[in-house]
Each structure stands twice: as structure tokens, then as C-alpha cells.
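Chains as they are written, first to last, in the working numbering: chain A, 19 to 330; chain B, 19 to 330.
Hints are not guaranteed to be accurate.
You can't tell identical chains apart in this list, so a pair holds if it fits in one copy or across any two.
Taking lysine to any residue pairs in the SDA-like style, the calculated list, with each CA pair at most 25 Å apart, reads [claimed, not checked]:
| # | residue 1 | residue 2 |
| --- | --- | --- |
| 1 | Lys-110 | Asn-225 |
| 2 | Lys-303 | Glu-231 |
| 3 | Lys-191 | Leu-62 |
| 4 | Lys-97 | Lys-325 |
| 5 | Lys-92 | Lys-212 |
| 6 | Lys-206 | His-186 |
| 7 | Lys-191 | Glu-171 |
| 8 | Lys-263 | Pro-98 |
| 9 | Lys-263 | Arg-51 |
| 10 | Lys-219 | Phe-30 |
| 11 | Lys-219 | Asp-279 |
| 12 | Lys-206 | Asp-276 |
| 13 | Lys-92 | Asp-50 |
| 14 | Lys-303 | Val-132 |
| 15 | Lys-271 | Glu-238 |
| 16 | Lys-256 | Asn-292 |
| 17 | Lys-271 | Gln-82 |
| 18 | Lys-263 | Cys-151 |
Think of the hints as simulated: they come from the structure by calculation, not from any bench. Just so you know, these numbers come straight off a predicted model, no measurement behind them.
Here is what each chain is made of, one letter per residue.
Number of protein chains: 2
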Amino acid sequence: MRIGLDVMGGDFAPDAIIEGAVDSLKFFTEDDRLVLIGDKVAILRKLEEMMVNPSMFDIVHASQVIEMADHPAKIFPQKPDSSIAVGYGMLKAGELDGFASAGNTGAMLVGASVTVKLIPGVLRPALAAILPCIDNRNCLILDVGINPDCKPEVLLQYGILGSIYAEHVLGIKNPSVGLLNIGEEESKGTPAIKAAHELMKDQAGLNFAGNIEGNSLFRETMTDVVVCDGFVGNVVLKQGEAFHKIYKLRNLKDDYFDRLDWENIGGTPIIGINANVIIGHGISKRRPIMNMLRQTREFAYVNLAQKIKEVI
Amino acid sequence: MRIGLDVMGGDFAPDAIIEGAVDSLKFFTEDDRLVLIGDKVAILRKLEEMMVNPSMFDIVHASQVIEMADHPAKIFPQKPDSSIAVGYGMLKAGELDGFASAGNTGAMLVGASVTVKLIPGVLRPALAAILPCIDNRNCLILDVGINPDCKPEVLLQYGILGSIYAEHVLGIKNPSVGLLNIGEEESKGTPAIKAAHELMKDQAGLNFAGNIEGNSLFRETMTDVVVCDGFVGNVVLKQGEAFHKIYKLRNLKDDYFDRLDWENIGGTPIIGINANVIIGHGISKRRPIMNMLRQTREFAYVNLAQKIKEVI
């Protein structure tokens, strides 16, 4: 598998990104190749400083950088040789099997929709995140940030996309799917959530477990997949981060709370596009970048995009 | 202060409710009186079993009970002598300074709007919950369940109502108010959230601190008041409960995580109505009922409803 990495994206780019890339090589086999995309001079300087042979990587020069403050929708025509644009161009040309960046999230999303594009039949893409549960399962929640307002049909489809992810990436057969809501009863929630409940209940092949409340998240009562709009999902994910930070601050020691550390997970894939793309946290340093690349490689091997095409 | 308690509401009524009432007497002074509302025979039997002198309380008989499964909007005409209806009747007649119930939440909300009614000028009531923060502050989040979809004007007013609460109940001068969102930038969020941000920014007298993200909840970076719609707030509150349960399950011992226990807090007040009303968790047993009554008494002394009337 050929995995592309935007070395210019993220608050600690390019140094921490390159450090994470070097660490990630231990997960790569001889069938894999990591492609560093960015300022070639900076990349070579950093590799020399780390005493790493540049031939361990392919290096593709990109002369421009999309900054965190750049406007996602307008920046691609202005920066056609940015590392993100180059990465998406390679994905589209079939020169990469996966692509990862901790850069401008909006630009990553725009790049996905204008270059590799949505899988036909997919209404809206989603960002999916792993929530580690107390019973050792890794469960999935989507969307966690792309669509703050979701139509019922989109929520239904997130249930289907999430099921495909849970089956093929997490290895869960017939994954249960819950709809995040403010009560167990069907009559609860916003009009969109109530309508989504009706649609999900009637969807053949979906293992719909009904509404799930906030007090089941991260617990043994969480469904394998939890569907919600990107506003609620974003708050849930970040509140999990808050509790991990509190746990560290209180100097507690516990295997479960250690699993909550987002740095161990890596990034969040964009689900529903014609490519395997993972977005990392902007504040990622060496370890989360390493994990993001491990995850991107696994993702490319599973080829979730292809699995979705077969079902949707 | 005369505090009314619905002894028939809650999964463990009436026994656990009466036990909590007895325990709560230690917080009551000679100026206070706790009024038990419900089945007089059951109340007297339980007090006798506990060897508690019934003269410690006023007892008001109510011959009917609103069950958890009863439809909130339809039940009052059918059960005019239910403990909730009797309690609200007494509140309206000025025979109580505060009222608490762990019964049917929907019925408590309907009862509030049809009997004691909204304070003129208040657009929608809210349920407000305390989030204990790592830096020992108790912060406020609203709404946590009444309005899953909120118009921008309602969110603005929640900021104002929350500020009044934080100042008078929590004792915070010029409380900071944050808008829960999926990013710090003004351009983030749903159309309603963006419009609310504009309104809050321009509101004279409101100490608006801008957007606040999920990873600031429960932490030193949380604003004194956090405004959100009742869907997101409900998930946040219940996710906090989930982490407290996980903490207990992992057999950890920590003062901060102990503070997360909802049983120590009691209940959630209905903000914006012409009375001091607190709703308890349906699963409340002895200790949370005691704390709900302590809280209701404090609430009655502050008389938040009056404070709101003076401002709105």
C-alpha cells in the first residue's frame, strides 16, 4: 500500500509530523511505502537531523502550504501546489491508496469533495470516531463534525455507513446501531431525530437497537455504532477528551482511562468518499501522527471506500 | 419557607422519598416546614415504621398518582387530585415557597406551564444542571432537556437566565457565559447557533465569552454558564453520569470524580417559571431525595423566580 502523508499540516508541522512518520515505519511492511508530501528541503533536513535514510520514504515536493487560517472553500485555486492539493491529486490519479493529514480540516473536506468526490449514492460524508468502551470494545460514533444539522435520510445512511465500518474495520459481525437521543422512547427528540428513528426501524439489514442515551456512551450498554448529527458527536468526542485530561490531572492510574487517550487512536476517517482519507487532530505531535499513519495503512488494506461502493 | 414534596413520584416512591424527606430535616430550621403531599395512609405508615413523629411534617393528602407512563399533556384533567396537581395548586395559591418531585418529568413541566405559568417575557423555560469543575467551581449548563431545538432568541435568553442563576444561587459575580459549539470561530455551528452567537455578542450586560467546545466542559476552561439546546445539554449531562459510573466501576478513588455523583446534587430546577420548582431523577433513592430537598429549600430562600422577574 502507498500511504501519503501531508507533512506540512498541523500545529507542529513539519518536524513533529516527520518524527511521527519515522516512528510509523515499524508498522509498514515491504509491501508498503510511505510518501512524504511537502517542502522537500525541510523534509531532507529533518531526516538528516534524525539520521534517517531518506530512501526509507518517497518524497514528493509541494511548494505551498494551506494554513489553518486559510478559507477551505477558496484556497485550492490559490494553492494548487499545496501539500493537501498534491496529496488529493495523487489519490485521484491512483498513485496513493490512502492519505492522511493533521492540517486544515475544512480544506481536507473540501479537497475530498472536489477531487476524489463522494461515492455515488452517499448523501453526505461523515467523520467517524472510535469511542473506547469499558467492556474492551471499540465502538464507533458518527458524525463528529462535518454536518452539524442532519436530515433524517442522512442519519439513516450514517447508520448504514457506520455498520459497514464496524464490520470491516472493527471486525464486528452484525453490529448494533443506536440513535443518540434524549430518552429511550420513540417520541423523544427533535423532529429530525424522530423521523430518523422511523427510517432506521424500517431499514432492512440494519441491526437497529433504538435510541441510546448519553449515559450509555463509553459503557457496556453502548451500541457498536452510534448515530448522531455532527454537532452532538463533536461535543461527545471532545467531552471524552476533557475527562481524559481530568484523569491525567488527578494523577490517577487506570487501564481504561488510558485507552481514552486520543493520541493512541490517531485520527478520524472521512467516510463516504472514493478514497481512504484520515484527518488528524491539529495539535498532534509525534505519537498521534505515528498512530494516524498506522490507522491509515490499516484503512487502506480494508479499503472501506470499496466496501461502501458495493453496498450503497 | 414551606417546601412541598411529591412523595408519590419516582421509581422508588413513596418509601425512598419519605426516607429522603426525613433525612432532609437536618437542613431545615424552625422557619422552615416540609409538606409531604401524597397518600396519607402510606405516609403515616412509613413514618411509623421509621419511628418518626408525623408532626415533624405537614401532610397533605392526594388521592391520585401520575404514573411515569401517563401522558403529560392529558393527565391533569384526569387526575386533578394527584400529588403533582395538588403541589402545583398549593404553589399557585401561595401555600408553598418551593416544590420538588422525582416523578413524571413531562407532567412536572406541563404542570408548571398550566398552573404557575411562565414569567412574562420568558420565551421558553429551561432545565438547568450543575457541572462540577476540576477547579472546584460549580458551573451551570442549560437547557438540559426541555427544548431539543432552540431558536437563537431562546439561546440568548438562556444566557441571561443562566447568569441570574449563577449570580444568585452560585454566588458568582458577573458570571462568564459561553455558547457550546463545535469550534471557537464565530463561523462554526448550525445557523441557529451562529445567530445566537451574534445576539449574545451584542447583548449589553451579558459577560459573553464566545464559543466553548466540548473539551472545556468540567474543566478550568469552562465558563460559569454554558448555553446549549436541550438535546446537546441532555447528552452532556448524561455523559458526565457515564464517566462517574465508569469511575466507580474501576474502583478508583478521587475527590473530583466523587463530586460528579449526581446523587450529591439532587435535581434540576425549572428556570423561567413563576415558582421555585425542582425536578429529581426518577431513579432517586434516599440520598438524592435528601439533597433535592436541601437544594429546593436554598432555591426558595434565593427566590430565583423573583430575581428573574426583576430583570426580564
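These are the hints, each one checked on the structure:
Taking identical chains as interchangeable, the C-alpha atoms of Lys-110 and Asn-225 are never at most 25 Å apart, the minima being 34 Å within one chain and 49 Å between chains. In this assembly of identical chains, Lys-303 and Glu-231 lie within 25 Å of each other by CA distance solely across copies; the values are 21 Å between and 33 Å within a copy. For the identical chains of this complex, Lys-191 and Leu-62 are neighbours neither inside a copy (45 Å) nor across copies (56 Å), given an alpha-carbon limit of 25 Å. In this homomeric assembly, Lys-97 and Lys-325 never come within 25 Å of each other (Cα to Cα): the closest approach is 32 Å inside a single copy and 56 Å across copies.
When the C-alpha separation of Lys-92 and Lys-212 is checked against a cutoff of 25 Å, the pair qualifies only between copies, where the shortest distance is 21 Å, while the shortest distance within a copy is 36 Å. Taking identical chains as interchangeable, the C-alpha atoms of Lys-206 and His-186 are never at most 25 Å apart, the minima being 32 Å within one chain and 32 Å between chains. Within a single copy, Lys-191 and Glu-171 get their C-alpha atoms as close as 24 Å, which meets the 25 Å cut-off; across copies the closest is 46 Å, which misses it. Taking the shortest alpha-carbon separations for Lys-263 and Pro-98, neither the intra-copy value of 38 Å nor the inter-copy value of 50 Å comes in at or below 25 Å.
For the identical chains of this complex, Lys-263 and Arg-51 are neighbours neither inside a copy (35 Å) nor across copies (44 Å), given an alpha-carbon limit of 25 Å. With identical chains, the CA atoms of Lys-219 and Phe-30 are never at most 25 Å apart, being 45 Å at best within one copy and 32 Å at best between copies. Proximity of Lys-219 and Asp-279 under a CA criterion of 25 Å is satisfied in neither setting, with 34 Å inside one chain copy and 34 Å between copies. In this assembly of identical chains, the alpha carbons of Lys-206 and Asp-276 never lie at most 25 Å apart, being 34 Å within a copy and 30 Å across copies at closest.
In this assembly of identical chains, Lys-92 and Asp-50 lie within 25 Å of each other by CA distance neither inside one copy nor across copies; the values are 34 Å within and 65 Å between. In this assembly of identical chains, the alpha carbons of Lys-303 and Val-132 never lie at most 25 Å apart, being 29 Å within a copy and 56 Å across copies at closest. Taking the closest pair of Cα atoms, Lys-271 and Glu-238 come within 25 Å of each other both inside a single copy (21 Å) and across two copies (21 Å). With identical chains, the CA atoms of Lys-256 and Asn-292 are never at most 25 Å apart, being 28 Å at best within one copy and 36 Å at best between copies.
In this assembly of identical chains, the alpha carbons of Lys-271 and Gln-82 never lie at most 25 Å apart, being 44 Å within a copy and 51 Å across copies at closest. Proximity of Lys-263 to Cys-151 under the C-alpha cut-off of 25 Å is found in both arrangements, the shortest distances being 17 Å within a copy and 12 Å between copies.
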